[in-house]
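> Given chain A's structure and the hints, the job is docking chain B onto it.
The residues making up each chain are set out below.
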Amino acid sequence: MKKILLVDDSRFVRITTKRLLIEMGYDESIIYEASTGEEAISLHDEIRPDFILLDLLMPGIGGEEALKAIRAKDQDCFISILSSNFQKPVQDRMLKSGANMFVEKTITIDKLKEVLDRYESTRTI
Amino acid sequence: MEILDEKKDVLQEMINTGIGKAAVSFSDMLHKEIKLSVPTLLFYSLNELDAYLGKMRNNEYVNVIQCFSGEMTGRGIVSFPLIGGKTIISTLMEYPDSCEPDFGGMERELIAEVGNVIISAVGSSICNMAEIETFYQMPEIEFSSRIITTDSESADNIYCVGEGEFAVEGINIEGKILFIITYSEIEVIINKLLYGV
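These protein sequence lines map, in sequence, to chains A and B. For the first sequence, counting from 1, position 86 maps to 86 in the working numbering; every step adds exactly one. For the second sequence, counting from 1, position 6 maps to 6 in the working numbering; every step adds exactly one.
If you're looking for bench data, these hints aren't it; they were derived computationally from the structure. On a predicted model such as this, the values are computed, not experimentally measured, just so you know. Hints should not be assumed to be uniformly reliable.
Capping the alpha-carbon separation at 27 Å, the derived lysine-lysine pairs in DSS-like fashion look like this [to be verified]: (1) A:K18 - B:K86; (2) A:K111 - A:K68; (3) B:K192 - B:K7; (4) A:K111 - A:K88; (5) A:K2 - A:K88; (6) A:K88 - A:K113; (7) B:K176 - B:K8; (8) A:K88 - B:K8; (9) A:K113 - A:K18; (10) B:K32 - A:K113; (11) B:K35 - A:K111; (12) B:K86 - A:K88; (13) B:K7 - B:K32; (14) B:K176 - B:K86; (15) A:K113 - A:K96; (16) B:K32 - A:K18; (17) A:K18 - A:K2; (18) A:K2 - A:K96; (19) A:K88 - B:K7; (20) B:K176 - B:K7; (21) A:K96 - A:K68; (22) B:K192 - A:K111; (23) B:K55 - B:K176.
Pulled out of the complex, with its shape left as it was, chain A reads as follows (with noise of 0.2 Å):
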């Protein structure tokens, strides 16, 4: 994995997030935050990332409208959803604008291998 970007209001989610991605090996210098949608578009444009975990309910324009803005530009990109919104219409409407998955929150450290596993999976054809 090249990059990875990690959006969310909450800080600490963020910082838990990271926490457990270097606990699983991951390089800190490979991962990337953005606290709300318009930087996550923003930064995405700027570094490219290969994996994106994207909260849904964040100020401005939020996640569903960040994602289907990636997804335009970004076919590539393996984009999850992390939210506690976890409502079924909510999750079809995200997989229909383009996410590859949509993980409840709290995050754990199985969630956070289930959706790279499912990441790795898509790279390895």
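Using the frame of chain A, we list chain B on its own:
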């Protein structure tokens, strides 16, 4: 207003499932077991709701409030004793025991995230059971002032309040989850589930 027992049963089940799901999310966050009381279901007029919430206006509590609208309108409230909120922050941030965090920017953000995870989990579980969708606003934090403003609400509304008490094992924190829904809207959904109309 009389509410049929079978409708209360459906609502009770929704609230139980929602609060149960929220406890799982909260437990994952803290890496500790969450003990839950059996949630209670209350029905209030606007004045009664105001009086009920008035009892929670207390300098010793921190409340996270999150409103939602759509096919179901209402708000969720997560309430911790102030000292419990600080302990939650210490636990999540792994502060040393001797360090007493205040409620600065980072701590407010953290408590808001805890509230958001709990309230959204309750709401999302209920919505999935009812096959509906609601839209959440950003969570807000109140320490001692009025918990919610009911000034713009209709005096005719009946409110359904799901109330659950929780305790976090090992760190001596107790708190409350309130899920307040406008009854007329949820009744339409219950009728659909019960009678298909």
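> Now, for every hint given, state plainly whether the structure supports it.
Going through the hints against the structure:
{"no.": "1", "hint": "A:K18 - B:K86", "result": "holds, 23 Å"}
{"no.": "2", "hint": "A:K111 - A:K68", "result": "holds, 24 Å"}
{"no.": "3", "hint": "B:K192 - B:K7", "result": "holds, 11 Å"}
{"no.": "4", "hint": "A:K111 - A:K88", "result": "holds, 19 Å"}
{"no.": "5", "hint": "A:K2 - A:K88", "result": "violated, 32 Å"}
{"no.": "6", "hint": "A:K88 - A:K113", "result": "holds, 23 Å"}
{"no.": "7", "hint": "B:K176 - B:K8", "result": "holds, 21 Å"}
{"no.": "8", "hint": "A:K88 - B:K8", "result": "holds, 24 Å"}
{"no.": "9", "hint": "A:K113 - A:K18", "result": "holds, 13 Å"}
{"no.": "10", "hint": "B:K32 - A:K113", "result": "holds, 21 Å"}
{"no.": "11", "hint": "B:K35 - A:K111", "result": "holds, 23 Å"}
{"no.": "12", "hint": "B:K86 - A:K88", "result": "violated, 34 Å"}
{"no.": "13", "hint": "B:K7 - B:K32", "result": "violated, 34 Å"}
{"no.": "14", "hint": "B:K176 - B:K86", "result": "holds, 15 Å"}
{"no.": "15", "hint": "A:K113 - A:K96", "result": "holds, 23 Å"}
{"no.": "16", "hint": "B:K32 - A:K18", "result": "holds, 21 Å"}
{"no.": "17", "hint": "A:K18 - A:K2", "result": "holds, 15 Å"}
{"no.": "18", "hint": "A:K2 - A:K96", "result": "holds, 26 Å"}
{"no.": "19", "hint": "A:K88 - B:K7", "result": "holds, 23 Å"}
{"no.": "20", "hint": "B:K176 - B:K7", "result": "holds, 24 Å"}
{"no.": "21", "hint": "A:K96 - A:K68", "result": "holds, 10 Å"}
{"no.": "22", "hint": "B:K192 - A:K111", "result": "violated, 35 Å"}
{"no.": "23", "hint": "B:K55 - B:K176", "result": "holds, 13 Å"}
When held up to the earlier numbered hints, the structure conflicts with 5, 12, 13, 22 and fits the remainder.
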